[in-house]
Amino acid sequence: MSGALLSRLAGRLPLILGGAITACIIGTALVSQVWTPEAPTRMRFALKLKGPLAQGLLGTDHFGRDLTSMLMVGAWNSLSIAVLAVLLGAMAGTLLGVTAAARAGIIDGAIMRLCDILFAFPAVLSAIMLGALMGPGALTAVVAIGVFMIPVFARVTRSAAAQVWARDYVLAARAAGKGAARITLEHVLPNIAGQIIVQVTIQLGLAILTEAGLSFLGLGIAPPAPSWGRMLADAQTYLTAAPHLALVPGIAIALSVLGFNLLGDGLRDLIDPRRRLAA
Amino acid sequence: MMLEVRDLAIDIARPDAEPLRLVNDVSFRLAAGRTLGIVGESGSGKSMLLKALIGLLPGTIRATGSILFDGTDLLALGEAEMCRVRGRRIGMIFQEPMTALNPAQRIGDQIAEGIRWHRRVSAAEARAEALQWLERVRIPDARRRIDTYPHEMSGGQRQRVGIAIALAMRPDLLIADEPTTALDVTVQAEILDIFDELVSDLGVGLILVSHDLGVIGRIADETLVLYAGTRMEEGPTEAVLRHPRHPYTRGLLAAMPRRGGGVGAGGDLPTIPGTVPSLAALPPGCRFANRCGCVTEACRAAEPAWRTAADGRGLRCILGPEAAA
Amino acid sequence: MFRLVLRRGAGLVLTLLVMSLAIFLVMEVLPGDPAAIQLGTSGRADTLAALRQSMGLDQPAVVRYLAWISGMLRGDFGTSFTYGVPVAGLIAERLAVTLPLALMAIVLSTAIALPLGVIAAARNGTAVDHGATLFTQICVAVPNFWIGLVLILLFSSQLGWFPAGGFPGWEAGLGAGLKALLLPAVALALPQSAILARVTRAAVLDVLNEDFVATARAKGLNRSAALWRHVVPNALVPVVTIMGLQFSFLIAGAVLVENVFVLPGLGRLAFQALAQRDLLVIRDVVLLFAGLVVVVNFLVDMAYLALDPRLRGRA
Chain D
1 MSGALLSRLA GRLPLILGGA ITACIIGTAL VSQVWTPEAP TRMRFALKLK
51 GPLAQGLLGT DHFGRDLTSM LMVGAWNSLS IAVLAVLLGA MAGTLLGVTA
101 AARAGIIDGA IMRLCDILFA FPAVLSAIML GALMGPGALT AVVAIGVFMI
151 PVFARVTRSA AAQVWARDYV LAARAAGKGA ARITLEHVLP NIAGQIIVQV
201 TIQLGLAILT EAGLSFLGLG IAPPAPSWGR MLADAQTYLT AAPHLALVPG
251 IAIALSVLGF NLLGDGLRDL IDPRRRLAA
Chain E
1 MMLEVRDLAI DIARPDAEPL RLVNDVSFRL AAGRTLGIVG ESGSGKSMLL
51 KALIGLLPGT IRATGSILFD GTDLLALGEA EMCRVRGRRI GMIFQEPMTA
101 LNPAQRIGDQ IAEGIRWHRR VSAAEARAEA LQWLERVRIP DARRRIDTYP
151 HEMSGGQRQR VGIAIALAMR PDLLIADEPT TALDVTVQAE ILDIFDELVS
201 DLGVGLILVS HDLGVIGRIA DETLVLYAGT RMEEGPTEAV LRHPRHPYTR
251 GLLAAMPRRG GGVGAGGDLP TIPGTVPSLA ALPPGCRFAN RCGCVTEACR
301 AAEPAWRTAA DGRGLRCILG PEAAA
Chain A
1 MFRLVLRRGA GLVLTLLVMS LAIFLVMEVL PGDPAAIQLG TSGRADTLAA
51 LRQSMGLDQP AVVRYLAWIS GMLRGDFGTS FTYGVPVAGL IAERLAVTLP
101 LALMAIVLST AIALPLGVIA AARNGTAVDH GATLFTQICV AVPNFWIGLV
151 LILLFSSQLG WFPAGGFPGW EAGLGAGLKA LLLPAVALAL PQSAILARVT
201 RAAVLDVLNE DFVATARAKG LNRSAALWRH VVPNALVPVV TIMGLQFSFL
251 IAGAVLVENV FVLPGLGRLA FQALAQRDLL VIRDVVLLFA GLVVVVNFLV
301 DMAYLALDPR LRGRA
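Chains as they are written, first to last, in the working numbering: chain D, 1 to 279; chain E, 1 to 325; chain A, 1 to 315.
Calculated from the structure, these hints are not laboratory results.
It cannot be assumed that every hint is accurate.
Computed Cβ-Cβ distance ranges for the label pairs, DEER-style [as the list claims (entries may be wrong)]:
no.	chain 1	residue 1	chain 2	residue 2	range
1	A	L178	D	Y238	26 to 32 Å
2	A	W170	D	T237	56 to 62 Å
3	A	G89	D	Y238	35 to 41 Å
4	D	M91	A	W170	43 to 49 Å
5	D	P223	A	G56	34 to 40 Å
Predicted model only: the values in this text are computed from it and were never measured.
Where a beta carbon is used, it is the ideal one built from N, C-alpha and C, also for glycine.
Whole structure, please, built from the sequences with the hints as guidance.
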């Protein structure tokens, strides 16, 4: 293999590695919906706290549930909450961001101030507040994570959209009498779509991380549906007796987040606006 | 001889190809207290040459040949030894006064830092010296300005601070990279006055790089003309400017805007036609052949050698010194 | 400069007011009667009415909002239903754990991130740089509460060097208190330090190519003196920005990590209040946490003025 090809491959390493990891995680989540080695909620007290390979691939928890199956269904639950939350944050945030970019002045200022305020509510905090009022559950987690992501997307979208607004062809479109809404739809959104997709990928990693935290606190999807965060919370009691219960879900979380982060970095390199301008 | 540069060549490493030669076959000498002007368009390699002199070439760029400074070859020195030469023996002034000063440090501290780095003096003594230097470079109200930050000063004042930083370490050789290019014409004159005065007062040797023959003519004793990485002509400034021997030097002189007249009679500023050839694809013959008005077949065959005429002036042109006259 | 501080200060007060209003409205608009939530399903109608009256729920919303805010300003946070003590005292007691924990985490994270980011940038493209990148990629992806579990597994279960959790109280001495907070602080700090190190590396790389660095080198300063005296001070503005933004993640992380290590801090108080459906405490703690984030960001804004003299002139 030539040196040039090798170095080009090394440059694409984040994209390849991130893509492979995320594909594995998403694949596992999908498979879990049709097949798992055991029913993930089936308790077998006779088989409780077995180590990896002693019973099933990864052993069993304190109720004798199959860890592999729980992990697989947990991937589905984590991913679906993360995806819904990021969709919520991306849609609301993008709407706010393009509006702020299109309407400079008071509206822009008000939207950005609102974002500052929203950003002061970490998902865990909103989840505690919402959980107290509506009870914990998947919806609480989605809303709490999604709300925290609104300002993130609003800021990224606003700065990207502002750059498009400064372009000559947008000036031309304005001179031709096109309205702000039409310019946003025809010129701004298609041009910033790449950056939004990169942000969605990176925020998916953060959403998985946050979802794990919320379900660790009992604020995520309701039991007995398995979730990685609650598996860790349960594992804490048996930390010395069965450390694999704490290690396995943690590694699953870290690997998924790493996968999405690498994929996001790789995609960013791929559609780097600076490189696109140079071309 | 304080400085003697012999057969200097500078190469940049490339990932997928042979190293690219940026500067080739450059030699010159400079006696203490004298001023050498180096002229050339952008891309002539003049900035690289200065960076090689002070040992601040980027990691992928290497200089070969020798740079004898008071008998020591600077290219053979290690980084630690070079740190004792930099600043203390050879000072440098940069082109862009707007960016060459640390925006987060008071100007007095920036001058005092060099003093204290090379000599054991107290902070108070260094500050007092810094103040003196600010006065010598004619910063008005220096006592108050010593505690200001660069962004509070004009470009001309910042360039004076740059000169003060370099001179405060009392170097034997000062190298200046286009020190007046970024400044207004009136400010340029003031800065050149300061250069003139301090260089002769302190007996510092000066190498001044510029694309502006007006600046060179005003300040330099000797002039070296660079083109596309190599020397084309060298000699006493007055002789080179009044009786240029190389067609390139003549082109540079013709392209100079006349003082007061601004643009020439026809309304166009005369320029040398064509562009500097890419260093990656140099022609086999003379580097200037594609833009030269006196080009012959022989020019394209092989690069002319550097020859020193009987009067001591150097030239790289097959036509020789007599042709121009 | 004074006017600038004054204007930002006014903005801060406005933000805090809007924030308190938002929290109040969420508590109002969302389904659920605080008194009913507190009593649970077992509540009888007359008990509920009495509780509603004692909580002031029979009064109009505007009156209750003003009473809440003016109470907060006077330091009267109301009385906790569960604990039967003033919420203010409860919070103060818990802050004595959470604030030192957050502070330790920030110090640790900066102590790891700053040298790592600076050195990675100075040795850009070398094995050191790649190693630092690998470290940060992994640390960013790992949940802080899981780091907490692994640290407990390693340093208390296996090695027995640290307690597995709990807090002896500051009465037990500074050393014992700090020792109890060390592992939680490490768990909080590692992911933050990874983010900070990446930002530091990028900022230092930006500044390294500036002309004034060449000026410093031309003075004779060696690489490390130029790096630490001239590059790093000018790279700090983006680094401090991120530190300010990270405070929000640190607060969220504290809720999780305090629960892993059973620390009697503000985060655990919020968590327990949730379990006991003590809405008053939740409301106050949420406002306090969110307010803390805003105040820290205000302080970061002020820190810019100290770091970048160019900003001082602009009002």
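Hint check results:
1. Look at L178/A against Y238/D: about 29 Å separates their beta carbons, and that is inside 26 to 32 Å.
2. W170/A and T237/D have their C-beta atoms about 29 Å apart, which leaves the hinted 56 to 62 Å range violated.
3. The hinted range of 35 to 41 Å is satisfied by G89/A and Y238/D, whose Cβ atoms lie roughly 36 Å apart.
4. Under the hint 43 to 49 Å, the C-beta atoms of M91/D and W170/A, about 47 Å apart, fit the expected range.
5. Hint check: P223/D to G56/A, Cβ distance near 36 Å, so the stated range 34 to 40 Å holds.
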